[in-house]
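**Student:** Sequence:
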Amino acid sequence: MAWNSSVVMQMGRFLLLVILFLPREMTSSVLTVNGKTENYILDTTPGSQVSLICAVQNHTREEELLWYREEGRVDLKSGNKINSSSVCVSSISENDNGISFTCRLGRDPSVSISVALNVIFPPLLSGNNFQTVEEGSNVKLVCSVKANPQAQMMWYKNSSLLDLEKSHHQIQQTSESFQLSITKVEKSDNGTYSCTAKSSLQTESLDFHLIVKDKTVSVPVEPIIAACVVIFLTLCFGLVARRKKIMELCMKDKDPHRETAL
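Residues -29 to -1, 1 to 233 (mature numbering (1 follows the signal peptide of the UniProt record, and there is no 0)) make up the sequence shown, in order.
A few of these clues could be false.
Claimed, not checked - Restraint-style ranges between C-beta atoms, simulated for each label pair:
1) Tyr11 / Gln144: 23 to 33 Å
2) Gly18 / Arg40: 30 to 40 Å
3) Ser61 / Glu106: 48 to 58 Å
4) Thr31 / Asn5: 54 to 64 Å
5) Lys155 / Asp178: 32 to 42 Å
To be clear, the hints were calculated from the coordinates, so they are not data collected in a lab.
Just so you know, even glycine gets a beta-carbon here, dropped at the ideal spot from N, CA and C.
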């Protein structure tokens, strides 16, 4: 019985130690940003400012926090790192759309939470507004576009929806551009082309002025030079071939006239 009591006491002590150390060793720390415990997307607009506050939950000691913008580490003041840390994102622009900010636990980078910026803005268009091309050449009108949410793109000519000809027009679209290619430009292609972007926020247009000029007749310089060389060489060979006869004529001009004796 004494042996059994000793075993029970040892087991009790072991369980007590487990219970005492359970909060420190088994409880994991949790990070929150602005009260959220999971990664999330934050809607914002150009020119605005947002504050992101990261805090440690269930910690049993002081925890250092680290902030990252994409893969680059954000510099923090010494008093803005322990248990709670904040960053301020100011002067937000369209280029910040999709940028993520991540708060990580200093001693364990696998413990982290991220916030992605969703910058909402109407379509922004840009491009080369004036182009002059020769008849028969190819031309590309490239309309650069940025929009969030994504815009519906269309081409107009002289205020009317462009009637696309399969062998004459080609449209290519990416996330940042809307391109119109015209093959073998004709005089009828003269006009103003409008790149139009329509989103749920508003509709924007950008005009492209295309001027088709007459095809210049190029002078074949190389054949002319070659012909001149051939003519020159022909004359030279002709003079050389007739040199003897020319010399005889010259000699006759130099001899005095002889009188016949009676």
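**Student:** Hints first: check each against the structure and report whether it holds.
**Tutor:** For each hint, the structure was consulted:
In this structure the supplied range 23 to 33 Å holds for Tyr11 paired with Gln144, their Cβ-Cβ distance being about 30 Å. The hinted range of 30 to 40 Å is not satisfied by Gly18 and Arg40, whose Cβ atoms lie roughly 19 Å apart. For Ser61 paired with Glu106, a C-beta distance near 53 Å keeps the hint of 48 to 58 Å intact. Remark: the range hint 54 to 64 Å for Thr31 to Asn5 is contradicted by a beta-carbon distance near 24 Å.
For the hinted restraint 32 to 42 Å between Lys155 and Asp178, the CB-CB distance of approximately 23 Å leaves it violated.
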